[in-house]
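Chemist: Just so you know, the protein sequences line up as chains Z and H, in that order.
Following the working numbering, the numbering of the first sequence begins with 17 at its first residue and continues without gaps.
Following the working numbering, the numbering of the second sequence begins with 17 at its first residue and continues without gaps.
One or more of the hints may lead you astray.
If several chains are the same, the list does not tell them apart, and a pair holds so long as it fits within one copy or across any two.
Claimed, not checked - In silico lysine to any residue, SDA-like type, Cα no more than 25 angstroms apart, as pairs: (1) LYS18 to PHE79; (2) LYS18 to TYR158; (3) LYS127 to SER180; (4) LYS127 to THR57; (5) LYS192 to THR20; (6) LYS93 to ARG80; (7) LYS161 to ALA90; (8) LYS221 to SER64; (9) LYS18 to LEU201; (10) LYS221 to THR131; (11) LYS93 to LYS161; (12) LYS109 to GLN71; (13) LYS127 to PRO72; (14) LYS192 to GLN155; (15) LYS221 to THR57; (16) LYS127 to SER156; (17) LYS221 to ASP87; (18) LYS18 to ASP87; (19) LYS221 to GLU157; (20) LYS26 to ALA171; (21) LYS26 to LYS109; (22) LYS161 to SER54; (23) LYS161 to SER180; (24) LYS192 to LEU213; (25) LYS93 to SER52; (26) LYS192 to LEU105; (27) LYS127 to ASN163; (28) LYS109 to ASP87; (29) LYS18 to ASN95; (30) LYS26 to SER180.
Worth flagging that the hints you see were computed from the coordinates, not collected in a lab.
Protein chains: 2
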Amino acid sequence: MKITRSDLDKMPSRYRAGLMNTLSGYKPANLIGSFSESGVTNLAIFNSLIHMGSQPPLLGLLFRPLTVRRDTYANIKANGYFTVNAVSLSIYKEAHHTAAKFEEEESEFEKTGLTASYIGNFPAPFVEESPIKIGCSYQSEYPIKENGTILMLGAIEIVEINDSLLRTDGSLALDKEQVIATVGLDGYALPEIMDRLEYAQPGHKPNSMNHGTQKK
Amino acid sequence: MKITRSDLDKMPSRYRAGLMNTLSGYKPANLIGSFSESGVTNLAIFNSLIHMGSQPPLLGLLFRPLTVRRDTYANIKANGYFTVNAVSLSIYKEAHHTAAKFEEEESEFEKTGLTASYIGNFPAPFVEESPIKIGCSYQSEYPIKENGTILMLGAIEIVEINDSLLRTDGSLALDKEQVIATVGLDGYALPEIMDRLEYAQPGHKPNSMNHGTQKK
């Protein structure tokens with residue numbers, strides 16, 4: 017099936033959004049925790065977290081245009097800190113529920129049944145149930161002129177991970193804690209890490225890593 | 017296990033890269049096709065494709081700093097067009113192989129065994145074996161001052177998808193064609209779409225969509 021730009025422009029907006037949101041592939045699923053100016057905990061699911069770089073350790077979050085109230089954005093701008101919490105199989109329905117239009121003074125933690133937790137005196141709430149908790153400080157933002165979205169950058173200040181995830185080379189075996197991926201606006205997928213491939217070299221098709229702990 | 021920013025800064029760079037590249041979750045896997053100025057087809061795997069917005073239909077690609085030769089970046093800047101091709105299970109080793117340091121005048125299509133194909137007269141090569149083929153035109157770029165990476169935006173001009181993927185609401189059932197996700201720099205995961213949840217509302221935990229074709 018072939019779809020031109022002109023076909024896309026003529027599609028009903030929900031149909032186009034359905035297509036566009038799945039076209040680029042699987043996305044990560046993360047809960048962003050923050051405090052409102054009046055101290056209410058806030059939690060929101062995002063599928064637009066981007067690994068921006070390792071040194072300095074930077075994450076990016078793409079926000080939709082500020083045409084309606086965006087609590088997470090406002091909170092981060094006001095307080096300068098936020099948390100990123102991986103969504104695992106056991107909490108994906110609660111995670112999805114955070115997308116509902118709760119009132120500004122309502123906490124998505126209370127409303128969805130997830131538990132706010134804290135690491136040291138880091139000034140934003142983490143999700144107790146999440147196997148990967150990341151505390152970030154606001155760094156900067158890049159307004160995207162083409163459509164009004166905003167790419168916000170955060171620097172990683174603190175990380176807490178379930179020990180079962182950590183491999184000997186520093187990478188995380190996400191499937192050990194059933195971390196999920198999202199598909200479009202409503203789909204949830206459980207990936208299984210089926211292979212790890214050796215560093216690619218010109219001369220031959222890459223082989224699977226085949227030594228014990230590195231395999232998966 | 018707790019890791020502070022100071023722990024991160026002290027880690028050996030490969031260990032830190034292993035951690036940082038898996039910390040944000042699963043990423044999409046796409047092959048970017050382009051033409052060099054001298055007409056050689058180029059193909060490179062990227063896990064940094066971002067859905068930037070649906071109207072206008074925009075995708076983003078995060079490029080690492082231009083401290084070494086980056087053929088894909090140079091080609092797109094020179095020619096203005098590129099293709100995005102989903103990686104499915106049957107081609108993930110060939111896709112990974114495109115990351116090898118081939119010479120500028122060598123085509124990754126020829127070297128990895130993937131097949132270049134064309135849609136109408138769109139001026140960049142697609143991957144015949146891919147179930148989702150997207151043709152994009154260069155729009156703009158945002159240099160990220162914190163680390164020298166570059167966010168490049170492309171507008172979708174043409175899409176060709178295998179019919180089996182399309183659901184009645186416009187979204188794509190990526191698992192019907194075994195589209196894969198990546199984990200870090202070397203991991204490949206096969207996700208199964210296990211659920212779709214209804215639009216989130218404040219009053220109750222979201223239910224699964226339960227009517228036929230919408231389910232998955």
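Chemist: Would you mind marking each hint as holding or not holding in the structure?
Modeler: Tested hints:
1. LYS18 to PHE79: neither (30 angstroms within a copy, 28 angstroms between copies)
2. LYS18 to TYR158: Answer is neither; intra-copy 33 angstroms and inter-copy 30 angstroms both fail.
3. LYS127 to SER180: Intra 30 angstroms, inter 38 angstroms, cutoff 25 angstroms: neither.
4. LYS127 to THR57: Within one copy, since 11 angstroms is at most 25 angstroms while 53 angstroms is not.
5. LYS192 to THR20: Between. Shortest inter-copy distance 23 angstroms satisfies the 25 angstroms Cα cut-off; intra-copy 41 angstroms does not.
6. LYS93 to ARG80: Answer is within: at 15 angstroms inside a copy they meet the 25 angstroms cutoff, but 27 angstroms across does not.
7. LYS161 to ALA90: Both: 20 angstroms inside a chain and 23 angstroms across chains, each within 25 angstroms.
8. LYS221 to SER64: between (32 angstroms within a copy, 23 angstroms between copies)
9. LYS18 to LEU201: Close inside one copy (23 angstroms), not across copies (32 angstroms); limit 25 angstroms.
10. LYS221 to THR131: The answer is between: 15 angstroms across copies meets 25 angstroms, while 46 angstroms in one copy does not.
11. LYS93 to LYS161: both (20 angstroms within a copy, 19 angstroms between copies)
12. LYS109 to GLN71: Classified as neither: same-chain Cα gap 34 angstroms, cross-chain 28 angstroms, threshold 25 angstroms.
13. LYS127 to PRO72: neither (35 angstroms within a copy, 35 angstroms between copies)
14. LYS192 to GLN155: Intra 31 angstroms, inter 40 angstroms, cutoff 25 angstroms: neither.
15. LYS221 to THR57: Only across copies: LYS221 and THR57 sit 19 angstroms apart there, 50 angstroms inside one copy, limit 25 angstroms.
16. LYS127 to SER156: neither (31 angstroms within a copy, 41 angstroms between copies)
17. LYS221 to ASP87: Between copies, since 21 angstroms is at most 25 angstroms while 48 angstroms is not.
18. LYS18 to ASP87: neither (39 angstroms within a copy, 28 angstroms between copies)
19. LYS221 to GLU157: neither (40 angstroms within a copy, 33 angstroms between copies)
20. LYS26 to ALA171: between (40 angstroms within a copy, 16 angstroms between copies)
21. LYS26 to LYS109: neither (33 angstroms within a copy, 38 angstroms between copies)
22. LYS161 to SER54: Neither, since 31 angstroms and 33 angstroms both go past 25 angstroms.
23. LYS161 to SER180: neither (42 angstroms within a copy, 35 angstroms between copies)
24. LYS192 to LEU213: For LYS192 and LEU213, the Cα distance is within 25 angstroms both inside one copy (19 angstroms) and across copies (24 angstroms).
25. LYS93 to SER52: within (10 angstroms within a copy, 42 angstroms between copies)
26. LYS192 to LEU105: both (11 angstroms within a copy, 21 angstroms between copies)
27. LYS127 to ASN163: For LYS127 and ASN163, neither the intra-copy (32 angstroms) nor the inter-copy (38 angstroms) Cα distance is at most 25 angstroms.
28. LYS109 to ASP87: Within one copy, since 21 angstroms is at most 25 angstroms while 42 angstroms is not.
29. LYS18 to ASN95: between (47 angstroms within a copy, 23 angstroms between copies)
30. LYS26 to SER180: between (49 angstroms within a copy, 22 angstroms between copies)
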